[in-house]
Amino acid sequence: MGFKGRDVISIRDFSREEIEEILRASRRMIPLAEGKKTSHALDGKILTLAFLEPSTRTRLSFEAAMARLGGSCVTIADPAVSSLRKGETLHDTIRVLSSYGDAIVLRHPNEGAARLAAQASAKPVINGGDGAGQHPTQTLLDLATIEEAFGTLSGLRVVLVGDLKYGRTVHSLAHALAIFGSEIVLCAPPTLGLPAEVREHLETIGAKVTVEDELSRAVRDADVLYVTRIQRERFGDEREFAKVSGSYRIDRALLANAKPKLAVLHPLPRTGEVAPELDDTPHAAYFRQAFLGVPVRMALLALLLTGKVP
Amino acid sequence: MTAARELKITPIKNGTVIDHIGNGLALEVLRIIGIDEIDKDSTVSVALHVRSQKIGWKDIVKVENMELSPRKANAIALIAPTATISIIRDFRVREKRAVDLPDRIVGILKCPNPSCISNQREPVESEFDVVRRRPVVLRCIYCERLVDDFHPHAA
Numbered sequence: 001m002g003f004k005g006r007d008v009i010s011i012r013d014f015s016r017e018e019i020e021e022i023l024r025a026s027r028r029m030i031p032l033a034e035g036k037k038t039s040h041a042l043d044g045k046i047l048t049l050a051f052l053e054p055s056t057r058t059r060l061s062f063e064a065a066m067a068r069l070g071g072s073c074v075t076i077a078d079p080a081v082s083s084l085r086k087g088e089t090l091h092d093t094i095r096v097l098s099s100y101g102d103a104i105v106l107r108h109p110n111e112g113a114a115r116l117a118a119q120a121s122a123k124p125v126i127n128g129g130d131g132a133g134q135h136p137t138q139t140l141l142d143l144a145t146i147e148e149a150f151g152t153l154s155g156l157r158v159v160l161v162g163d164l165k166y167g168r169t170v171h172s173l174a175h176a177l178a179i180f181g182s183e184i185v186l187c188a189p190p191t192l193g194l195p196a197e198v199r200e201h202l203e204t205i206g207a208k209v210t211v212e213d214e215l216s217r218a219v220r221d222a223d224v225l226y227v228t229r230i231q232r233e234r235f236g237d238e239r240e241f242a243k244v245s246g247s248y249r250i251d252r253a254l255l256a257n258a259k260p261k262l263a264v265l266h267p268l269p270r271t272g273e274v275a276p277e278l279d280d281t282p283h284a285a286y287f288r289q290a291f292l293g294v295p296v297r298m299a300l301l302a303l304l305l306t307g308k309v310p
Numbered sequence: 311m312t313a314a315r316e317l318k319i320t321p322i323k324n325g326t327v328i329d330h331i332g333n334g335l336a337l338e339v340l341r342i343i344g345i346d347e348i349d350k351d352s353t354v355s356v357a358l359h360v361r362s363q364k365i366g367w368k369d370i371v372k373v374e375n376m377e378l379s380p381r382k383a384n385a386i387a388l389i390a391p392t393a394t395i396s397i398i399r400d401f402r403v404r405e406k407r408a409v410d411l412p413d414r415i416v417g418i419l420k421c422p423n424p425s426c427i428s429n430q431r432e433p434v435e436s437e438f439d440v441v442r443r444r445p446v447v448l449r450c451i452y453c454e455r456l457v458d459d460f461h462p463h464a465a
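Residue numbers (our numbering), protein chains in the order written: chain B, 1 to 310; chain F, 311 to 465.
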């Protein structure tokens, strides 16, 4: 398995064995990400961050990952100053940027932008989120969080909660969980269910997928609750939004009969789906999940730029 | 029977015969061929609802003085997977083949996702992987949208 020079566009581009290798490498990065050890593995390497859509945590965690390994970053953090605003194609922008550094991270509002960038770039391209499409490093850190909590990614019962229609993180995560053999339970408002073609794809690759309309029932046997934000703009009627979002609120009362090891994940930012009263319970995995973004991205950068991890 | 058939569809000297088109799809096939691209002095014959031993009822399209490009044959394969294509030269069938859907479709379809990068002002052609053949399901290589309802256009 060679990672050096590869693009990271979609989680589908990676086999189960490759994902396992990235997660193993990520675990080795944790002491470095915590600042307990130092590394110069990426000394002299430059990562170009082209964030053509606003993002803070993805961009900052890539910057932190690069800095922890001794490398540096050049960054477009504001699309308003980029030459795309002057009418340049993304293809040309990427072609130019790829000559400035050793790899590019792209965040872009259009689906498929990272695939196009990979065609234009002579250097590896990492998809930092393209529209409602893929966000593979988010999926990898979600998997790292679940694996850290349970020691495995197989045989778990993972409930996906909230907006399963538009939430880009859940489609990729469901694909990855399916190839590891975990059961997927879908719990969403009727208008925000998993698209039929995504569900069909999951079943094609052998996933066990069930639907549970009642969150309190779904929670009972769950190992993981993966919660996503339900966005107000998906609803025409404010009252309808309030009703739906209220019924997908995770709090202590809901988890009263949950398994003791139940882990609650959320890609953050949250807007009320997960009650702050859970933050200090053993169920809260979401802040750990956010931190694990750094070692996962360190591992990936080291593998893509040098072919090995320090 | 032969005489009656000849009356319905006259032979052509040079050109392409697309036979075994699923019933009712001839006009879609014509749209893919692109009427504008056919020589103005040439004849186009369309037979609708013709009895077929192979597929029950079928449509046939004959276009004089035009040999179908592989790209257009791929597009026809998308909507008429049972079609056969014969290239006629000097009244003889010089080449006959069933349409064959390739593993990747380039430049024939527009991705139905308006937010897909292939629909923006970028120097790329649309590209789809064929993920299922009967019925045909495609996946955009850019946005990964699955497509099973499509109307190919000649690209």
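No wet-lab data here; the hints were simulated from the structure. Quick reminder that beta carbons are idealized off the backbone N, C-alpha and C, glycines included. Certain hints may be false.
Within a straight-line C-alpha distance of at most 30 Å, the following computed DSS-like cross-link-like pairs (lysine-lysine) qualify [unchecked claim]:
1. F:Lys406 / F:Lys364
2. B:Lys36 / B:Lys86
3. B:Lys4 / B:Lys308
4. F:Lys323 / F:Lys406
5. F:Lys420 / B:Lys165
6. B:Lys86 / F:Lys323
Listed next, the stretches of chain F that the computed footprint assigns to chain B, with coverage defined by at least 3 CB atoms under 8 Å from CB atoms of chain B [to be verified]:
7. 345-354
8. 449-457
Quick rundown of the hints versus the structure:
1. Among the hinted pairs, Lys406 of chain F with Lys364 of chain F is consistent with the structure: their alpha-carbon atoms are about 16 Å apart, no more than 30 Å.
2. At roughly 45 Å between alpha-carbon atoms, Lys36 of chain B and Lys86 of chain B are farther apart than 30 Å, so this suggested pair is violated.
3. Using a Cα cut-off of 30 Å, the hinted pair Lys4 of chain B and Lys308 of chain B holds, with the two alpha carbons roughly 8 Å apart.
4. With a C-alpha separation of about 15 Å, the suggested pairing of Lys323 of chain F with Lys406 of chain F holds against the 30 Å cut-off.
5. Our distance criterion of 30 Å between C-alpha atoms is met by Lys420 of chain F and Lys165 of chain B, whose separation comes to about 23 Å.
6. For the given pair, Lys86 of chain B sits about 55 Å from Lys323 of chain F by alpha-carbon distance, which is inconsistent with the 30 Å threshold.
7. Look at the region 345-354 of chain F against chain B: 0 of its residues bring a Cβ nearer than 8 Å to a Cβ of that chain, fewer than three, so the hint is violated.
8. Under a criterion of three residues with beta carbons nearer than 8 Å to beta carbons of chain B, the stated coverage of the region 449-457 of chain F is upheld, 7 such residues being counted.
Of the numbered hints listed earlier, those contradicted by the structure are 2, 6 and 7.
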